[in-house]
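Residue numbers (this note's numbering), protein chains in the order written: chain A, 1 to 230; chain B, 1 to 190.
Misleading hints may appear alongside valid ones.
Quick list of in silico lysine-lysine cross-link-like pairs, BS3-like style, CA-CA up to 30 Å [claimed, not checked]:
hint, chain 1, residue 1, chain 2, residue 2
1, B, Lys88, B, Lys69
2, B, Lys88, B, Lys68
3, B, Lys68, B, Lys97
4, B, Lys88, A, Lys93
5, A, Lys182, A, Lys218
6, A, Lys85, B, Lys88
7, A, Lys93, A, Lys182
8, A, Lys218, A, Lys85
9, B, Lys97, A, Lys85
10, B, Lys97, A, Lys93
11, B, Lys69, B, Lys97
These are calculated hints, taken from the structure and not from any lab test.
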Amino acid sequence: MAIALIHAVVVALSCLVLRIYCILPGKTSAKPRGRSRTAPCRTAVFLGSGGHTSEMLMLVSSLDFGRYFPRTYIVSAGDTLSTQKAVALESLKAADRPPSPNVVSGATFITIPRARRVHQTLLTTPLTAACSLVVCVYHISISPLFLHSSSVDVLILNGPGTCFVLCMAAYLNRLFGLPSPKLIYVESFARVRSLSLSGLLLRPFVDRFVVQWPDLLKDGRRGDCRGWLV
Amino acid sequence: MPPSPSASTASSESSLRMHVFVTVGSTRFDSLVQHVLSDTVLDALRSRGYSTLAVQCGNSHFDTGPFKKAGESWRRNAEVDTEVWRFKPSLQEEYGKADLIISHAGSGTIIDVLRLGKPLIVVPNETLLDNHQQELASALEGLGHLKASTISGLSETIETLEAARLVPFPAFNGSRFRELLDEEMGFAEN
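This is chain A alone, in the form it adopts within the complex (with noise of 0.2 Å):
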């Protein structure tokens, strides 16, 4: 009788890693081809807080809000300033463009509790990260399915810890065949040698996996770098 469980495990457990494995993004970025896209992006980006906030934002900045939008910015509970910050960037953006009866203006705001606390000893942390993850999952992959909210097609993130959390709901939900959003990691400016742990962690998984510092890539695993992205 036991030995028929373990049996059923390690067959459940092996599937689960098959599934897992054929859903990684290739080594190579596939370019997609055929028409171009004409659809709105929706897009969703992480503050991460502090310094990552800023490069985030940044990075936001750069995009053209005409092609992605509507736009959701995630932030960890607790964090007003990251959200003052996004709040003036559409401010500009929106002060920038004529206004247009396509373009949905303004931006919506989620919180998500932190997956782990700047000092949270380990011990607590699968404990936070588990209640971080249930919300998370509930933004990705429930909302969408259930309550015919928007999902989302581009998840933009730059860690730090939370981000992996957000990453596995989305994950979540490709291992049912659902929609996910396409995953793209942009590890910071500040990484010059060596990556952040959220950026080891998360290379193999995301579609797009970006470093701002060449060095970064001398190993040859899967990454672009097209310089400074800040």
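Following the hints, position chain B against chain A.
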């Protein structure tokens, strides 16, 4: 934007009345703050023509003894008039007033300062566990954009800094990320 004047003779430098701004962001960097307020560094600053100093000390601890408290800041009038305070909502005005900036090696601060075309000396905090700050400081120094210094080497770095020889930091190039994302999402090139 051209870097600050680097005078050729000591006597003309001492009449320049230039201003130095020191920042540690939201971090605690006791050793930098204390060293900047020491006679060694103040003498080096004075010899290069700096007559006023403002220090944004964040969460750092320093000896407030020699200072007079005035509201939220500590002041000391001496050869180099000094003012120390913890936080301000924005440092842009402080960067604008300064002829030289000395800071911790946080990437956000570095980008903000270099984009304003100001001479910058960064001091990586060696007590930090994961010292990727050092990597960034060295890489940017290697490209000539700033000077990196240890705490103990700070006065010498100040004395030998040639601001005019610093390489201007490139302007923000938004097209790189925009093109990368447009490509990934299948948008045609503009």
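Contradicted hints - numbers only
Violated hint (a single one): 8; every other hint is consistent with the structure.
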